[in-house]
Amino acid sequence: NAGVTQTPKFRVLKTGQSMTLLCAQDMNHEYMYWYRQDPGMGLRLIHYSVGEGTTAKGEVPDGYNVSRLKKQNFLLGLESAAPSQTSVYFCASSYTSTAKETQYFGPGTRLLVL
Amino acid sequence: GESVGLHLPTLSVQEGDNSIINCAYSNSASDYFIWYKQESGKGPQFIIDIRSNMDKRQGQRVTVLLNKTVKHLSLQIAATQPGDSAVYFCAETLRSGYSTLTFGKGTMLLVSP
Numbered sequence: 001n002a003g004v005t006q007t008p009k010f011r012v013l014k015t016g017q018s019m020t021l022l023c024a025q026d027m028n029h030e031y032m033y034w035y036r037q038d039p040g041m042g043l044r045l046i047h048y049s050v051g052e053g054t055t056a057k058g059e060v061p062d063g064y065n066v067s068r069l070k071k072q073n074f075l076l077g078l079e080s081a082a083p084s085q086t087s088v089y090f091c092a093s094s095y096t097s098t099a100k101e102t103q104y105f106g107p108g109t110r111l112l113v114l
Numbered sequence: 001g002e003s004v005g006l007h008l009p010t011l012s013v014q015e016g017d018n019s020i021i022n023c024a025y026s027n028s029a030s031d032y033f034i035w036y037k038q039e040s041g042k043g044p045q046f047i048i049d050i051r052s053n054m055d056k057r058q059g060q061r062v063t064v065l066l067n068k069t070v071k072h073l074s075l076q077i078a079a080t081q082p083g084d085s086a087v088y089f090c091a092e093t094l095r096s097g098y099s100t101l102t103f104g105k106g107t108m109l110l111v112s113p
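Which chain is which? The protein sequence lines are A and B, in order. The first sequence lines up with residues 1 to 114 when you count with our numbering. The second sequence lines up with residues 1 to 113 when you count with our numbering.
I should point out that these hints are in silico values taken from the structure, not numbers from a laboratory. There's no promise every hint is true.
[Unchecked claim] Lysine-lysine pairs mimicking DSS-like chemistry, simulated, CA-CA at most 27 Å apart:
no., chain 1, residue 1, chain 2, residue 2
1, B, Lys42, A, Lys71
2, B, Lys37, A, Lys9
3, A, Lys57, A, Lys70
4, A, Lys14, B, Lys42
Bound-form chain B, shown alone:
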């Protein structure tokens, strides 16, 4: 979920488990959503995106679910690996015009062997 103050919410899982990271977005008009992964000391990296006309989108080991009714996104990572340890951000935007991304505060995923 979203962080409050200086502390990121943290999800700790064992290697091989499935992970679910949640995000509440703020703008009901947003129609395009992206998940980014940020490893320590690096810039964010695109994982997967979804448009508002979809409820679910699958990638390689990742699935994004979108619930527009409650303005909620989730990222599911199957068979989580130590290399998945990172901070995960959701971002929202409008598909029209010169819209820019609004990022959530992030969730830290820690995967132990």
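One chain only, chain A, in its complex shape:
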């Protein structure tokens, strides 16, 4: 049982390049989330999903897209990376809505956009 895993662990992009961050969970959780964490700040929700095939915007969705084609995977895409997207990205999952079940976090992906 690996929990929540994220790929890659670290990436450097040039402005304008695109990439996809992959999150996978093996806990059969319905809910999945993508957060970004910037220095001196808490986690901010980018997008989330309440089930396979569904996605919703969080607090800071601009510049990102997501897809949840399979229950166990949640992909975060950057179509045209900007230096403001330099951050650490965390994926999380929970069995039910946050209200009833805690979220389990992955180890993070560090992204540097030059």
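Since the structure of chain A is already known, use the hints to place chain B on it.
Using the frame of chain A, we list chain B on its own:
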């Protein structure tokens, strides 16, 4: 407490001391609160939670206190150990619907031997 700008508030304690980390939450309607611990280079890890119908909840070496009147949470760690060194975040949410977590900015706890 909460951070301003790029600098996290930091609490430095000696091993064996009790630590108290504070958090002011923003939404008076929030009714579920969670404390997370984040060690360097890792994702946040659940520590303890509390619902708004409670004032206090105890776990193993940790206690969370909730004061809804002033929208304040605290996390008390007894007999703090070097392994407790981390950034601690509070998070708030509503228990109904598809509510999501709102995180505070975090407090860094440094425990020296």
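Each hint tested on the structure:
As the CA atoms of lysine 42 (chain B) and lysine 71 (chain A) are separated by approximately 24 Å, the hinted pair is consistent with the 27 Å bound. With a C-alpha separation of about 20 Å, the suggested pair lysine 37 (chain B) and lysine 9 (chain A) falls inside the 27 Å cut-off, and the hint holds. Pair hint lysine 57 (chain A) plus lysine 70 (chain A) holds up; C-alpha atoms about 18 Å apart against a cutoff of 27 Å. The straight-line distance between the Cα atoms of lysine 14 (chain A) and lysine 42 (chain B) is roughly 25 Å, inside the 27 Å bound, and the hint therefore holds.
Violated hints are absent here; each numbered hint is respected by the structure.
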